[in-house]
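Visitor: Chains A and B supply the protein sequences, listed in that same order.
Under numbering that gives the first Met the number 0, the letters of the first sequence match residues 0 to 296, in that order.
Under numbering that gives the first Met the number 0, the letters of the second sequence match residues 0 to 165, in that order.
Mixed in with the good hints, there may be bad ones.
To be verified - According to the in silico footprint, chain A covers these stretches of chain B (three or more CB under 8 Å from chain A):
id : segment
1  : 10-24
2  : 37-50
3  : 54-61
4  : 128-134
Claimed, not checked - Heads up, incomplete: computed chain A residues facing chain B, CB under 8 Å, no partners named:
id : residue
5  : Met0
6  : Glu6
7  : Gln34
8  : Leu50
9  : Val104
10 : Ser106
11 : Gln107
12 : Tyr191
Bear in mind the hints are in silico, worked out from the structure with no lab data behind them.
The beta carbon of each residue, even a glycine, is placed where N, CA and C say it ideally should be.
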Amino acid sequence: MYPRPFEYHRASSLAEAIALLAQLGAEAKVIAGGQSLIPLMKLRFASPAHLVDLNFIPKLEYVEQRDGALRLGPLTRHSQIESSETASRIPIVHDCAAGIADVQVRSQGTIAGSLAEADPSGDWAPVLIVLDAQVHCVGAKGERTVPVREFLLDAYTTALSHEELIRDISLKIPGRGSGGAYIASKRCPQVYASASAAVQLNMSGDVCESASIALGAMGLTAIRPTEAEAALTGKPLNETTMKQAADAAMAATEPQPDMRGSAEYKRTLVGALLREAISVAARRARGETVAVSHHYA
Amino acid sequence: MPEAKRIPIRTKVNGKEHVLEVEPRTLLVELLREHLDLTGTHIGCDTSFCGACTVLLNGAPVKSCTLFAFQADQAEIMTVEGLEREGKLHPVQQAFAEHHGLQCGYCTPGMLLSALHLLRQKRNPSEVDVRKAIAGNCCRCTGYQNIFKAIHAAAESMRETASHGD
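Chain B with its partners taken away, still in its complex shape:
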């Protein structure tokens, strides 16, 4: 089958505008990793199960392995690379580091963005809120307890600094 006609995509990733032409079957995760060289977003299961590929699309968490790039046309995307500001870790990243919210780190990029989305919605999340927020993110190392601790610690730190998680 000949290659399908390429389609234009305009998207803002971590604040930077990109205009590209891609094959229609290009997945968002592929756009990020292969076309924009943003390899912080990981492909885990590649079947919409594990959440390692989670990014924020117009502020909402999505699994970038289960989204065509065209679904992100005219949208704003945030990946793990967008968290750090001027060499300083985001409070969510800092909390994961301090509370050992990771071991191998493979799930971490997705976990951080799901956590950030929660903390933008709820400044003082309950234990159930935290568990529901990362229900779509699998971690095969930690047993989750330190991830829960890290998210609660991040919430506290963001409340103290009155940060809205931008």
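Isolated chain A, as found in the complex:
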């Protein structure tokens, strides 16, 4: 299958890419890893007249720890995050990077590309939401920082204007007593999640001091079920409080029925994933090393 013809433009800096987007107008799109864009173009769901290639812009692939924050370059491939020791100090980040699609897609796909695509079932959104990540954007009018929760506006829609790009994603590294986990259920590795749950807990002994929860594939964007967070906050973690949190989370969802399952199926699924993620997050908060895997069925 061949995409429609397009003109190719190689950007050597973000400033040049932004200038090209301004000059070429709405018919231009940017390409990074292309792992979503290329299939869309081959199926001719997308037929941009111009592609602005970001892949040859230097110094945009990095995983760095600076001033207590993790900084991720926009062109950083999922596989680089998966194998990064720095990123692995935040287990939920590793859960996410290592579980995206398959090896081949992870070696090309980029974190900023995934976030900017804003697929309702994308893996990064729920994880970056619970970590309260900041999206640093740059455009013709200068730079601005947008919290990830305000960055994701709707399905496939972000706060980015046409002439604006992500230049960095940063998040505060969780401290001692904090633990997180991200678990998704996918029909097979190659497809988007049917449901996913991201959790970051601050624990003091058996008591949950604060909880951050986000769910993927449960609405038009990743959702943050605040009642589920409230059900855990200030409470000891046990079967009762975990069930209360899962019930509150399920009530907050509006999953779309599709070929991956009915709304009821997805809601039940996300409740189970959330309970598993809470219990892994709590163990990690206590300093245990716990490996998790997505569920494939």
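Keeping the supplied structure of chain A fixed, place chain B upon it in accordance with the hints.
Guide: Showing chain B alone in chain A's frame:
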């Protein structure tokens, strides 16, 4: 629509340098099969699902049906044709042959390169490592069991010969 302006691509495929001019929409798999006549790389699903088109780009497995040729500019590519050396099968190929890691063979070129990438990273992979490594490669014949056996056997053979899988 008139044909878009062609773009130059410089790439090293299986150790051999190539300089070409291609249409921007040329996919890497098309560059390999149609322009360089390297038809060992197969197109299966053509939608980034099956992994039959897997090649190594600067050592990392990619689906060549889901990559524009320009993304391989200035890069090194290895295809299934690059595995055999002087008429001798690569240990991974030899293990697939000995352990019946294929039936129809359509997925094999991609499977071999995903396996090689794994064995370059992990000389003694676990069962989970093997399964994760080929999660992006579909086989519709074997049921995978013999592929797992073949990859473990290849790992053993490469450890014995101290081969790094070059």
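Visitor: Against each hint, give a clear statement of whether it holds in the structure.
Guide: Right, here's what the structure says about each hint:
no.: 1; hint: 10-24; in the structure: holds (count 3)
no.: 2; hint: 37-50; in the structure: holds (count 5)
no.: 3; hint: 54-61; in the structure: holds (count 4)
no.: 4; hint: 128-134; in the structure: holds (count 3)
no.: 5; hint: Met0; in the structure: holds (5 Å)
no.: 6; hint: Glu6; in the structure: holds (5 Å)
no.: 7; hint: Gln34; in the structure: holds (6 Å)
no.: 8; hint: Leu50; in the structure: holds (7 Å)
no.: 9; hint: Val104; in the structure: holds (7 Å)
no.: 10; hint: Ser106; in the structure: holds (4 Å)
no.: 11; hint: Gln107; in the structure: holds (6 Å)
no.: 12; hint: Tyr191; in the structure: violated (12 Å)
Hint 12 from the list above is the single one not met by this structure.
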